[in-house]
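Start from the sequences, fold in the hints, and give me the full structure.
For reference, the chains in residue letters:
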Amino acid sequence: MDTAKRNDAWTMHRLGVISLFAGASSLLLSAGAQADDGKPVPGGTVIAALNSTTIPNLNTQMTSSVPALFAADVWADGLMTYDREANRVPRLAKSWTISEDGKTYTFNLREGVKWSDGKPFSAADVVFTLENFGKFNTYLTKLMPLVEKASAPDDKTFLLTLKQPLTATLDLFDKEVFPLMPKHIYEGKDIATHPANIAPVGLGPFKFDKWVSGQSITFVRNPHYWEAPKPYLDSVIFALIPNPQQRLNAIVNGEVNWFRPEVVQVPATQQAAKRGSFRVVPIVTNAPETAVIDFNLRRSPMNNVKVRQALFHAIDRQRIVRDVYQGLAETAKNAIPTQFKNLHDTSVNYDTMYAYDPKRAAQLLDEAGFPLKDGKRFALELAVISAAPYDAVAQVVQAQWTALGIDVKLSALDQQIWTNKVYTQHDFDASIISLTGRSNPVLGVDRSFVCNETSVPYANPTSYCNPEFDKVAANAASAPADQQKAHYKTYAEIIARDLNQLALTNSRVFEAVTNNFKNLDAQFNFSFNTHPNWAEAWLPKDKQ
Amino acid sequence: MLRFVGRRALYAIPLLLAIIILMFSMLHMIPGDPVQALVGDYPVPPAYRQVIEEKYRLNDPFLVQVGNYLLNVAQGDFGFSYQNQRGVLDLILERAPRTILLASVSFALAIPLGMAIGIAAGTTRRPGVDKFWTTTALIAYAIPTFWLGQLLVMLFALRLGWFPTQGIGPLISRTHGIAWLFEKLRYLALPVLAFGIHEGMRIARIMRASVIDTLSQGYIITARSKGLSRGQIIRSHVLRNSSLPLVTIAGYAFGSALGGAVLLETVFTWPGLGLLLVDSIRLRDNMTVVGVVIFSAVAVVAMNLIVDLLYAALDPRIRTMR
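Residue numbers (my numbering), protein chains in the order written: chain R, 1 to 544; chain D, 545 to 866.
Treat the hints with caution; some may be incorrect.
Okay, derived cross-link-like pairs now, DSBU-like style, lysine-lysine, Cα gap no bigger than 30 angstroms in a straight line [stated by the list, open to error]:
{"hint": "1", "chain 1": "D", "residue 1": "K728", "chain 2": "R", "residue 2": "K541"}
{"hint": "2", "chain 1": "R", "residue 1": "K541", "chain 2": "R", "residue 2": "K103"}
{"hint": "3", "chain 1": "R", "residue 1": "K376", "chain 2": "R", "residue 2": "K359"}
{"hint": "4", "chain 1": "D", "residue 1": "K675", "chain 2": "R", "residue 2": "K142"}
{"hint": "5", "chain 1": "D", "residue 1": "K599", "chain 2": "R", "residue 2": "K135"}
{"hint": "6", "chain 1": "D", "residue 1": "K728", "chain 2": "R", "residue 2": "K543"}
{"hint": "7", "chain 1": "R", "residue 1": "K183", "chain 2": "D", "residue 2": "K599"}
{"hint": "8", "chain 1": "D", "residue 1": "K599", "chain 2": "R", "residue 2": "K210"}
Here are the in silico distance ranges between beta carbons for each label pair [what the hints assert, rightly or not]:
{"hint": "9", "chain 1": "R", "residue 1": "D414", "chain 2": "D", "residue 2": "S800", "range": "22 to 32 angstroms"}
{"hint": "10", "chain 1": "R", "residue 1": "T346", "chain 2": "D", "residue 2": "V608", "range": "54 to 64 angstroms"}
{"hint": "11", "chain 1": "R", "residue 1": "K189", "chain 2": "D", "residue 2": "L637", "range": "19 to 29 angstroms"}
{"hint": "12", "chain 1": "R", "residue 1": "P371", "chain 2": "D", "residue 2": "M573", "range": "40 to 50 angstroms"}
{"hint": "13", "chain 1": "R", "residue 1": "K189", "chain 2": "D", "residue 2": "D604", "range": "38 to 48 angstroms"}
{"hint": "14", "chain 1": "D", "residue 1": "D634", "chain 2": "R", "residue 2": "D414", "range": "22 to 32 angstroms"}
{"hint": "15", "chain 1": "D", "residue 1": "R552", "chain 2": "R", "residue 2": "R275", "range": "35 to 45 angstroms"}
FYI, nobody ran anything at the bench for these hints, they're computed from the structure. We put the beta carbon where it would ideally sit given N, CA and C, even for glycine.
Shown next, in the form of structure tokens:
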């Protein structure tokens, strides 16, 4: 890096710090497209930064932790995935058919595929994975009770029969949700604590090599990868860097080649990228990332729907988009995120139903029996994890509710303490979190609204338990694809009426990557699986 | 001598017992769910929770957990880290050398630096020089290491590009021998500078006060009246006599540093014991938390013992008292 670049990098770093704390103006996105200027050549290594020094489990059948998901794209594979526009594309299943009654799924598998240890892959592995890992997989909790039978009539056919239809089933076989596991490694062993969970054998382009505690995890080219001659790179090294500013520093200084900036640091990353040796790539279609407020309906006055409506009217969500997300988000429209194009109904729109209107909010609170008395209406506790962007969202909400005469006590907490307080103790009035929706409402949206009688964390903490709604959600999930939208419209209408949860914003996702890698854009065709698996990328000889 | 060391080691046993019981009690009281930390921000499937809780005996009564732990520790088993999927002792043995390296090199810088400033400030006849060093040391000591660390990164890594911004070594290296060592040292430079300056200034302040105190002693006046030069007096009388408080302070600080410089390791992503402790608290990896705290306590006890032995070596009066 020459001195001029360093000066810029330093300035950009300062700018980054300033923008993180003060909320700098939004900036134009640096475009991601770059022409492929030759034939791929083998060789080279990529260093990608992951956001933790401790990763308990690499097996994403058993964890939804973000660093494990990033790593899984390198070593694991599945039956299908999505393209840039969120269309399903085959992976290890060449094709699939669904019976007319929606109960039988037949997957035709690729032939001649081998695991990274050289052993052959067959339909028996898929059956084994479902039967043995399904009960440990958080995304499959809705599917598993519906499974009548999973079988492998021959090596190349995986047959799944359900007791009743579940239209989301295909999305549950996405390679991120359902990475395939080798039967010959796990059979007869203690699966949940098997050593292969941290030294995995998979079907991905790279295979596990070594793990240096707290520092790095290395994957090398899988010689048995089914998409030969891919991958082109020799290895992928994950650098374990927990602090977001340090990840940005590391790419500015050329120590890593890839990281995913936190949404609040995207403008600073874009600034630094302008004269640096990397670029910021916007992900075309990312999984919904929705900032929400949950109300504790066990408590007064949160159990009063007029109060909840008033509190929604009192929030200027455009200000959250502008000040917290620096323009890199949109206001959430209803309970079904806009990413689900075939399911989201635009007629239910929070922008018009609950437009920012402090006067209307005050009027609703007066009607609900909470008029201003000595400048105050009532007090509430707003619980939040003390990390970006939640804390910043909470501060905006606190200011706007305070302006309405509500005495808002903000409790910014360690994540574990927050989880216990909100989901287990129910000791809160309102709570802020950002929820990932994944590729189907069944996977990440339903959990906010469906009755959660056993107080399971990261599912509906509000005590909202509406049999009418639960029935609509179940029908929506099992209706034929062409009829689902109508059900999800009713779904969104009920939530818009009852408001156990306020959906604030839906944020975008970006990745930063050094310019020397070729054919990288092909990596971002994964839509919901936005992180690269590096199978397509290559490095010119002079950059290796 | 051996009896003295043995007695001190015995004193450490009740201390460690108290620490283990205290740590277990505190960790028991803090809300947290290690199984949730394993799964992430999605609901934990009941079957998975059951398997993990049974495997790691997370639902055992508090007293059973403490009792089992004490029995295991007595046999050299410090438990299993479920967030790292390996034995706690094994994990500590991998992380500790990194922390020991950082602390040792930092103190190797801090001690001569602090002593030099302390002696310069304490022995000068010009009040301006004393004021300059006293103020510099105070300001430098008051700057938190994590902030100083960030400033050093901005200047020497991002602006000048001389050093890496974080980490303990290159992830891809094609160097060998001296070049390899030089490459490793580049990663050590900034954390050592931040830590060394901070600890050096602490030492400088102690050293200055101690030097001034020593200079007022009768034997210094005697030495002066015998016509010894200033340099001779400092070398032969001041240095050794002023070092006693320094040994105590530096020994204690070094012992604490061996338990992990939490903020510094976080700022430089230096994966030693400090970073391990932070991660383990966040993920409620209680066995690891207790293990690191025990290691830290042992390090402090051991350093205090070494300080006592050094004291005896430096001061014959203490030797005769025993």
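(request) With respect to the beta-carbon atoms only, verify the hint that D414/R and S800/D lie 22 to 32 angstroms apart. (result) holds (24 angstroms)
(request) Take the C-beta atom of D634/D and the C-beta atom of D414/R, compute their distance, and say whether it sits inside 22 to 32 angstroms. (result) Check passed, 27 angstroms falls within 22 to 32 angstroms.
(request) For the range 38 to 48 angstroms, tell me whether the beta carbons of K189/R and D604/D fit it or not. (result) Distance hint for K189/R, D604/D is violated at roughly 24 angstroms.
(request) Quickly compare the C-alpha distance for K541/R and K103/R to 30 angstroms and report which way the hint goes. (result) Violated, because 51 angstroms separates the two Cα atoms, which is more than 30 angstroms.
(message) Between the beta carbons of K189/R and L637/D, is the distance compatible with 19 to 29 angstroms?
(response) 27 angstroms Cβ-Cβ, so the 19 to 29 angstroms window holds.
(message) For a C-alpha distance cap of 30 angstroms, please report whether K183/R and K599/D respect it.
(response) holds (22 angstroms)
(request) Given the range 40 to 50 angstroms, decide if the beta-carbon distance of P371/R to M573/D lies inside it. (result) holds (42 angstroms)
(request) Below or equal to 30 angstroms on CA atoms is what counts here, so check K675/D against K142/R. (result) Status violated; Cα separation ~72 angstroms.
(request) Given the hint that K376/R pairs with K359/R, test it: the Cα-Cα distance must not exceed 30 angstroms. (result) Measuring from Cα to Cα gives roughly 15 angstroms; hence the hint holds.
(message) Can you confirm whether the C-alpha distance between K599/D and K135/R stays at or below 30 angstroms?
(response) holds (17 angstroms)
(request) For the range 54 to 64 angstroms, tell me whether the beta carbons of T346/R and V608/D fit it or not. (result) holds (58 angstroms)
(request) Check the following: the C-beta atoms of R552/D and R275/R are separated by a distance inside 35 to 45 angstroms. (result) Because 59 angstroms falls outside the window, the suggested range is violated.
Consistency with the previously given hints fails for numbers 2, 4, 13, 15, ordered from lowest to highest.
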